[in-house]
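Residues per chain, in single letters:
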Amino acid sequence: MKRKLRRSVVCWLVLSPLIVLVLFPYAVMVFTALKPTSEVMSYPPRWLPRHWSFASFPAMWEQADLGTAIMNSVVISCGSVCLALCVAVPAAYAVARLQFRLKPRYRLFLLVTQMLPPVLLILGLFRTAAAIPFGDGSLVNTRLGVILIYGAFQIAFSVWMLSAYFTAIPRDIEEAAWIDGCGRVRAVWHIFLPLAVPAIAVCALVAFVAGWNEYVVALTMLRDRDKQTVTLQVVNLVAGRYSVEWNQVMAATSVATLPVAVVFAALQRFLVKGLTLGAVK
Amino acid sequence: MVSAGQASEQGQPAALPRILPPFLRPARHGLPPLLLVLPSLLLATAIVVYPFFVIVRLSLSNVSPFGQLRGFVGWANYAAVLADPIFYGALWRTLIWTAAVVGGTVLISMPVALVLQQEFYGRAIARIVIMLPWALSLAMAAILWEWSFNADYGMINGVLRNLGLSSGAIHWMARADTAFPVEIGVGILVSIPFTATIFQGGLSSMPTEIYEAARVDGASGVQQFRYLTLPLLKPFIQIAIVLNVIYVFNSFPIIWVMTHGGPDNSTHILVTYAYELAFGLGRPGPAAAISVLMLAIVLAFTMVYLHLQREPT
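From first to last, the protein sequence lines are chains R and Y.
Under the working numbering, think of the first position of the first sequence as 1, with each following residue one higher.
Under the working numbering, think of the first position of the second sequence as 1, with each following residue one higher.
Fair warning: there could be bad hints in the mix.
Some chain R residues judged to face chain Y by a derived CB distance under 8 Å, without partners named [unchecked claim]: (1) W12; (2) V87; (3) T113; (4) P117; (5) W246.
Derived EDC-like pairs (lysine to aspartate or glutamate); straight-line CA-CA distance at most 16 Å [claimed, not checked]: (6) K4/R <-> E119/Y; (7) K2/R <-> E119/Y; (8) K227/R <-> D65/R.
Everything labelled a hint here was simulated from the structure, so no lab data went into it.
Glycine residues also receive a C-beta, built at the ideal position from the N, C-alpha and C atoms.
The following block holds chain R by itself, in its conformation from the complex (with noise of 0.2 Å):
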């Protein structure tokens, strides 16, 4: 018991300088986005506000026009997660169960897709959307562009991930299944996914928080105010602008980051679990 406190106490001591360094962006954060304005521009900075206030956060929710942003990053979110499952799911299902030949050269194939990543492409992937016609003008300036465009960035780690999974998913209860005159497709939709409904949601997760957290193609391809998402929004807040309201920006920044860490701090486990497995195969 007493070798157990004094290795915890050694092991706080080594990773204390990193725990202090992720955590003193956020505490800037917090402490920032409560300080009225009249003390953010105060010399020298102190770390906690005098009079605590919340006012910034009503400020920046007009500035930033946080609803609207909050709204378009849920649609553009949750629209690539369903467009990443949908393709990644029966993908991963073949790579994992089934025999094809091709099989070597689409695995390679995606791991090229992981090479090319978006900031490399933007300039092809503008003119791309620019030259598909959709409604008024083109997919540029489109919810459904940049929905299209972070569905198939996550098609390579998808597949990787859920296939490492379904591997991981006993044989043997699908192929009672089929003993019992099921066939194929039904055994997989009642008794495979449901399985699998675990792999699926990690998987969920983190394309929707690569979504969320995505710069550039949202910087590119979203030019209406109105169509923005969160990141953009929070971003143009700072960028090139004169004067900045550090206060209203730290208030809108937490409203953007902080549930994201809630739901990753509750989901992290079985994230790093899933890599594990994936990294083993």
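Fit chain Y to the given chain R structure using the hints.
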């Protein structure tokens, strides 16, 4: 691929599979694998592969600032890029940026993963805290650090003053020789969670018996790390390095948000410079050329690295 005869046992019409091309023929139980893979293949081709060819074509064309193609110009865009002094500065900085961020990340993540693998009080909390930057958008992290490093009102200068380490206001973001290292530090910090996770996966997959055997034989902790952990962890270190190099080499938001490549182009890396050329300065041709060069660099790195790693074994 399973023969059509077996498919008929499952109540499939036997004649149908035989006339289909092999890749569409149902596998044993009626699900043609390529049909399952096809949607992902189509989507990825349309949105990842096709734009790549668009960029290659742009890089070989004369492109107006508004994006109209005005004919094939061969290597002119590449020549323009190679004659541009800012490009060389950005290239050099990209190499430093990638090497420093990936190197720093791996060096820090290793002990962090080793510690997180120990059993100690509050481990679950430590894990959550160290994973937190993963949930944070890079653009947001950049904003938070930009404010923390603010010369007059930022908490970094405040803390340094309180510790007696500096007296005046350091203008971190105003000069490249302070701004760029700060950006590298932020890059390392946000890359640690992913890397430490890969290492933890590697560590937890290791057999515990060999450590017991080593302990019985009197191997010290350092010896165990040097001769057991490190060699067994090698494949995971390789994966971490390759993936991190690809991510970090192409990392855009930190530098774009914190300094926008400035002051005076002195913190641009290739990816931010290419974006500036394409969307800020209206020179899509050279921007596309840089994108193609970047891809060539990443590809060359991955091949050479994987090749070198395979040699000794």
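Distance restraint between K227/R and D65/R, which requires alpha-carbon spacing of 16 Å or less: holds (11 Å)
Interface hint status, W12/R versus chain Y (Cβ within 8 Å): holds (7 Å)
T113/R as an interface hint toward chain Y, with CB separation required under 8 Å: Holds, about 5 Å.
Restraint status (C-alpha distance of K4/R to E119/Y at most 16 Å): holds (8 Å)
Hint check, V87/R versus chain Y [nearest Cβ-Cβ separation less than 8 Å]: holds (4 Å)
Given pair status - E119/Y, K2/R, alpha carbons within 16 Å: OK: K2/R and E119/Y at ~13 Å, within 16 Å.
Status of the hint placing P117/R at chain Y (closest C-beta pair under 8 Å): The hint holds - P117/R has a Cβ within 8 Å of chain Y, the shortest such distance being about 5 Å.
Interface restraint verdict for W246/R against chain Y (beta-carbon cut-off 8 Å): OK, holds: W246/R within 8 Å of chain Y, min 6 Å.
Checked against the numbered hints given earlier, the structure satisfies every one of them.
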